[in-house]
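S.K.: Chain residues, written in single-letter form:
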Amino acid sequence: MSKIHVKTRINGEAAEFLCEPDETLLEALRDRLHLTGTKEGCGSGDCGACSVTVNGRLVASCLMLAAEAEGAEIGTIEGLAKGAELDVLQRKFVEHAALQCGICTPGFLVASKALLEKNPDPTEEEVRYWLAGNLCRCTGYDKIIRAVLDAAAEMRRA
Amino acid sequence: MQYLAPTSVDEVVAALAQADGRARVLAGGTDLLVQMKSDMIAPDILVDIKRIPELREITREGGGWRIGAAVSGAEFNEHADICADWPGLAEAFDLIGSTQVQGRCTLAGNLCNASPAADSVPAMVAADAVARVAGPNGTRDVPVVDIPVGPGKTSLAAGEFITSIFLPARAPRSADAYLRFIPRTEMDIAVASAGVSLTLDDDGSCVAARVALGAVAPTVLLVEKATAALIGTRLEGAALAALAQACESAATPIDDKRGTVEFRKQVVGVLARRAARVAQNRAEERA
Ligand SMILES: Cc1cc2nc3c(=O)[nH]c(=O)nc-3n(C[C@H](O)[C@H](O)[C@H](O)COP(=O)(O)OP(=O)(O)OC[C@H]3O[C@@H](n4cnc5c(N)ncnc54)[C@H](O)[C@@H]3O)c2cc1C
Ligand code: FES
Ligand code: FES
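As you go down the protein sequences, you meet chains G and E in turn. So the first sequence is residues 30 to 187, counted in our numbering. So the second sequence is residues 1187 to 1473, counted in our numbering.
No lab work stands behind these hints, which were simulated from the structure alone. Incorrect hints may have been included.
To give an idea of the interface, some chain G residues facing chain E are shown, with a C-beta separation under 10 Å as derived from the structure [unchecked claim]:
{"#": "1", "residue": "Gly77"}
{"#": "2", "residue": "Arg86"}
{"#": "3", "residue": "Val88"}
{"#": "4", "residue": "Ala89"}
{"#": "5", "residue": "Glu99"}
{"#": "6", "residue": "Gly136"}
{"#": "7", "residue": "Tyr158"}
{"#": "8", "residue": "Leu160"}
Facing chain E, from chain G, some residues (calculated, C-beta under 10 Å) [said to hold, decoys possible]:
{"#": "9", "residue": "Leu47"}
{"#": "10", "residue": "Pro50"}
{"#": "11", "residue": "Asp51"}
{"#": "12", "residue": "Gly72"}
{"#": "13", "residue": "Ser73"}
{"#": "14", "residue": "Thr82"}
{"#": "15", "residue": "Val83"}
{"#": "16", "residue": "Leu92"}
{"#": "17", "residue": "Ala96"}
Even for Gly, the Cβ is constructed at its ideal location relative to N, Cα and C.
Go ahead and model the full structure; you've got the sequences and the hints to work with.
M.R.: Here's what the structure looks like:
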């Protein structure tokens, strides 16, 4: 199999890699670019742990080929914090104890970020529907929902 | 495996012809990649259609709408005008998967995957949608109802693929609706579903109706007797009872852990009745 050369931008910076034609974006991010914040839960589109944005659109990186990322703008969990300063969502997840084992957390954060960029003032129901494709086995969701709503409120005040 | 990302329809047709059945079209990949990973399929070539500019557009055509085969659910649902004309198809398309799946899934992918439970398909059939098919012998238009021929099987010939879905012009006082039954509120496969599209006259009588059912037969079902039950009525109790009866008798579902034959038949009648009322209310509001 001949490898494919892919040029993208990841979290605002140019990035290139070589990948196999059947390699997923999730595999390329983790194994080639060592951006291991993006997690694999299921590998079949069900859990949302692998959530990233592609040209601003939230997608499951386990269900996208790495080769499809050519020319795209990718956003991953590594792009959330500004250096040592956590993103509001990250801070609120910590404050509300919205994580336990943490495997689902990067996916929830990337998905929530995409929601608040589209809708800065979501209702609880809107947050729950938006995040329906992000599964968490630990928290029972309530703390996650509260953290997102609180982050949204703080961002609106800022 | 080879990955191709052509930028024109002709290149896709040429690539599919050359591959001689060993290639698959890649749209959103939300079925294809899952099937490849679970070794259900092992194509030699994937032909990504998302780099073809006209396949990414929603355009007006003769009062109707043409939706490129690479338009995702998220893009469709952000298009206010098409959602105003086709709220039922919009809700059906939106039901597919999560936000993440919405970012990628397409109507043509949902149709060509040919699952009997595909959510957008009954809504497209109720809408009398037409697929434009490109292939080695040129282009042809095929009613969406004629594309699936069995679970996982379509009527597309070797080397053919869908370039767009066309929704016809809307008469005044027309609307559609789609309802499915699932045991939870999100992220599940329809146990039974119904799409209804109808047109009312100035007095509120139904002058046109199409009713399509999902997950209760090997393919989507267009129920002609359901149309007959609605035409000329104002969807009163007797008309709705006749509609439900027509749907129950047309359904030939399977028995599985998610629903028995009896349950599916009954539920599909109820869903059709409720979807008809939703479509009626929407049509009245549009007037
Ligand atoms: C987590 C999850 C939840 C889901 N939930 C639902 C749900 O609730 N309801 C539902 O109906 N589906 C659901 N699906 C299934 C899937 O998302 C849909 O069927 C979707 O519409 C497929 O579209 P796609 O563009 O991703 O298709 P792809 O995966 O790209 O393609 C599907 C099939 O169609 C073929 N194909 C694609 N485009 C064309 C074309 N233009 N011409 C010819 N052939 C083509 C492909 O070769 C392939 O065989 C879900 C999937 C996942 C992963
Ligand atoms: S790993 Fe992609 S959705 Fe679960
Ligand atoms: S914190 Fe463990 S899965 Fe969510």
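S.K.: Next, verify each hint and record whether it holds.
M.R.: Evaluated hints:
1. Gly77: OK, holds: Gly77/G within 10 Å of chain E, min 6 Å.
2. Arg86: Holds: closest Cβ of chain E sits about 4 Å from Arg86/G, inside 10 Å.
3. Val88: Holds, because the Cβ-Cβ distance from Val88/G to chain E comes to roughly 4 Å (cut-off 10 Å).
4. Ala89: holds (4 Å)
5. Glu99: holds (7 Å)
6. Gly136: holds (9 Å)
7. Tyr158: holds (7 Å)
8. Leu160: holds (8 Å)
9. Leu47: violated (13 Å)
10. Pro50: Nearest chain E Cβ about 4 Å off; hint holds.
11. Asp51: holds (5 Å)
12. Gly72: OK, holds: Gly72/G within 10 Å of chain E, min 6 Å.
13. Ser73: Nearest chain E Cβ about 5 Å off; hint holds.
14. Thr82: holds (8 Å)
15. Val83: OK, holds: Val83/G within 10 Å of chain E, min 7 Å.
16. Leu92: holds (5 Å)
17. Ala96: With a minimum Cβ separation of about 5 Å from chain E (threshold 10 Å), the hint on Ala96/G holds.
Violated hint: 9 only; the structure is consistent with all others.
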